[in-house]
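Q: Residues 27 to 1003 (our numbering) are what the sequence shown spells out, left to right.
None of these hints come from the bench; they were simulated from the model. Backbone N, C-alpha and C fix where the C-beta goes; we use that ideal spot for every residue, glycine too. Please note that the accuracy of each hint is not assured.
Unchecked claim - Taking lysine-lysine pairs in the DSSO-like style, the calculated list, with each CA pair at most 27 Å apart, reads: (1) K164 <-> K883; (2) K97 <-> K267; (3) K508 <-> K76; (4) K639 <-> K515; (5) K962 <-> K301.
To be verified - Ranges of calculated distance between the beta carbons of each label pair, as one might list FRET restraints: (6) T797 <-> R417: 47 to 57 Å; (7) Q700 <-> E510: 29 to 39 Å; (8) K337 <-> P950: 13 to 23 Å; (9) V930 <-> L820: 21 to 31 Å; (10) S56 <-> D525: 52 to 62 Å; (11) N433 <-> N499: 53 to 63 Å; (12) I886 <-> V716: 23 to 33 Å; (13) E126 <-> I710: 45 to 55 Å.
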Amino acid sequence: MSRIFTQIFYVFMLVCATGFASQAQNITVSGTVKDKQTKEPLSGVTVIVKGQSGGTSTNSDGAFTFTTSAKIPLTISASYIGYGVVEKQVTGNTANISIEMEAAVVLGGDVVVSASRTPERILESPVSIERMSAATIKDIAAPSFYDALNNMKGVESSMQSLTFKSINTRGFNSNGNTRFNQYIDGMDNQAPGLNFSVGNIVGITELDVDNVELLPGASSALYGAGGINGTLLMTSKDPFKYPGASFQYKTGVNHVNDDNTSTKPFNQLDVRLAKSWNNKFGVKAAFSFLQAKDWFANNYSNFDRISRTVKPGDRNSDTNYDGINSYGDEVSQNMRNVALSVQNATISGINTGSGGAIPNIKSLIDGAFGAAIPNAAQQAGFLSSLPAALRPAVQNYFPFYVGLKANLIPDQNVSRTGYNEENLVDYDTKSLKVSGALYYNFSSTIQAVAQANWGTGTSVYTGSDRYSLRNFNIGQYKLELKGEDFSLKAYTTQERSGDSYISSILGSYINEVSKPSTTWFPQYIGNYVGARAAGQTDAAAHVFARGVANTGRFEPGSNGFATAKDQIMNTTISATSINAADPTKSVYGAKFDDKSNLYHYEGMYNLTNAFNKVVEFQVGASYRIYDLNSAGTIFDDLGRQIDIEEYGAFAQIGKKLFNDKVKITFAGRYDKSQNFEGRFTPRITGVFTVAKNNNIRVSYQTGYRNPTTQNQYIDLSVGGGSQRLIGGLPEIMFGKYKLDANKPFTDVSYRAFLASAATGTPNPALLQQYTFDAKGVRPESVQSYELGYKGLILPNLLIDAYGYFNQYKDFITAVDVYQNVGTLAAPTFVKFGVPVNAQGSVNSYGGALGLDYLVGKYNISGNVSYNQIGDLPVNYINDFNTPKIRYNLGFGNKEIVKNFGFNVAYRWQDRFYWNSSFASGEVPAYSSLDAQVSLKIPSVMSVIKLGGSNVLNKYYTTSFGNPMAGAIYYVGITFNP
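Given only the sequences and the hints, what does the whole structure look like? Please build it.
A: If you want it as structure tokens, here you go:
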């Protein structure tokens, strides 16, 4: 596929070169732009010829000049953030044009594209939509525009680290949200190996953002599979409309009053350069680098992985402690089961070692002592009667024999001692983003674009585990030809995992290198029995046993720990090789090696003009390939190639009726993935104008998402090696792991069996088989109904309100099962996590209300959203993960006095329960206040901003098991914003 993409690129460049040779005669347009009230020159004003794709911006003296192929008469359009658009017709001289602009804020005047894939006023959008303009971004108090998305109506996020945030709307929030789509300049921003976007780590730089549009709810009818909970579209700036040089530098601190560390620096530099020539050729480049200390995940609550709930206790009070952000303590075994295992192994070993002369050493000891418990002297006497070669094994067995016979070994689990996350993951956060694009205008309506976005960074992501993303990078490369009525686009996304690794695997394997579990657990139990036999209490015996078993443990900061950590995190998972006979020869790896790619091709044609605008009619089609390459560290692709092909097509027709008071639109899309049946997703919308600038909207939308690439093909050990995640396709479940021929057992029945085994009389009849759907996992879908209103009640008061009802079917969830790969007499169980579809339907409903009110130059805003889940099917795990109530309040003034402005944003959300494959628990209610004050310095075209997020420094978490975030205080300077 990369060869095809290269060929397309050369053809594209040839076409561009041909276009250069056919430039039309150009004329020069020049003039000045001033503030109508103060008569001061305005710098940075965008000046274009109306109907043309090129233009320029004014310099520090308010002057502009550019060339155009347009002919007189022509119309000049000037636009500037915070000012009303001015249009001026030029019929004669094109030099010394004078333009005066008035400061203005117009509510509801934004034009949006994403709601219908065609430009329309936001007041007339047929579905709910939120928009953030370049003007809004200039005034936000949050450290970045992506952080400020939380202030939009109905939007929530899961913050997994300082730079990794997952956006969501309308319930079912998650870490790494596969139900939410994100696009940058029309490119799907997902990482191919993950099937979700990695926040804005590898995305768009703030200085290059033109606008951000967010569609809550389903959007598959227009944008294809995925996005059943929302779609975010970010558009970068065009060099013809936004030429010149800009830079922005922010420096500040975080971790103020943080118990985990001292105050740390926060620094970010952004640069953007753009230039155009003759309204024909344009080029731009952008750069961003952020460096800071990441937030610490330090939730050490004790987690029960069987019931998936928090339980009382800590390492000192619970022998089976499993801290949420402590790794390596997931490895746990039942004390009696270990003792019985040692006993069975000793019986077998002595039988072999004696050549069958001693078939059952336990029976021989029972015969020697009867019901009595042999003391140390009696044990020594018995050992002396055995051949010397057998004595060490029997001596090691005696503590287990005594413990079982005297009932000193409790029926309880013991876990290994784990390592805190801060000792395992890389908290030195970095994010480097670079982008560039070439533009060529063949005419006033046809433009060609070649674009490249590339980013690399270090962060932490939460999935079924906590993943330390070190030096990973993603590149997106696009070729596009677009006109007034059409667009053709081809792009590829290239994902490289760099030095990333799984934290729990790392913690577990450091333990294994220091002392294998096959040694650690018997050592623990043997010393526990010895301590109990010596008269120590249960608690004291456990402390003693752990101390002895932990002898030789690699403590954080030691050379042994550093050496083992470095070796394991730089060795791939697929290279892991356990040598049971000689553990010192074992190889352990926690690194994943993902080099997955996505190739996407699409075209769209708007036939509205061809139909003389009698109806609005659009058609489009797309084709993509997921090219999975993890070398067996994530997917089942060791030694084989996995490609997933998908294609789809859509059509949309709209018509205005009753003197343009009503607009009805029908849309439908068909999509097909090679592994699943095709899906048709219709959409019907209506907009009813009840008065000027007052509209009621109603919509029925459908959406679906295919199982992710990991849902289909994952084959990964997680939880410190305690579980294997596998794909839900028949070729994985049945072909590789034989879950049909050798059916696994349910989680509940497996625990019942373990309980019986702990009594010494295992009962296989307790095990209940689990039967998977023969077709494997399948796509999930949603039907969404919405009623909304948006309008200007007064010229200075905008109201937007909606209510929705969603019905989901075939929800993709997961099930834990246990397969016996041994025999009934000597069972060996392997735990699998497998994606499946929940039975029955799941309903959710809610609504939101937003207000924007202008009082003079003051802007007062607020919004509140309500989300609720309906009755749940039997055995469905509630992962709605959304507070019932959340609200935002905003207050600001761009210029409270000359050149001084401010902005304040407050948000609050209620407590709620979070359920994920990593951890489950209650997320407390929290509030956060962001604020900034700014000073414009017109003489140098600059703005100084002093601000902060969460300025009251109330640490909070957005999702259970993720970090606690405090304040970030910063000062920034922006040139030519």
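Q: Please go over all the hints and tell whether each is borne out by the structure.
A: Each hint tested on the structure:
no.	hint	in the structure
1	K164 <-> K883	holds (16 Å)
2	K97 <-> K267	holds (19 Å)
3	K508 <-> K76	holds (18 Å)
4	K639 <-> K515	holds (25 Å)
5	K962 <-> K301	holds (24 Å)
6	T797 <-> R417: 47 to 57 Å	holds (50 Å)
7	Q700 <-> E510: 29 to 39 Å	holds (35 Å)
8	K337 <-> P950: 13 to 23 Å	holds (18 Å)
9	V930 <-> L820: 21 to 31 Å	holds (23 Å)
10	S56 <-> D525: 52 to 62 Å	holds (53 Å)
11	N433 <-> N499: 53 to 63 Å	holds (58 Å)
12	I886 <-> V716: 23 to 33 Å	holds (25 Å)
13	E126 <-> I710: 45 to 55 Å	holds (46 Å)
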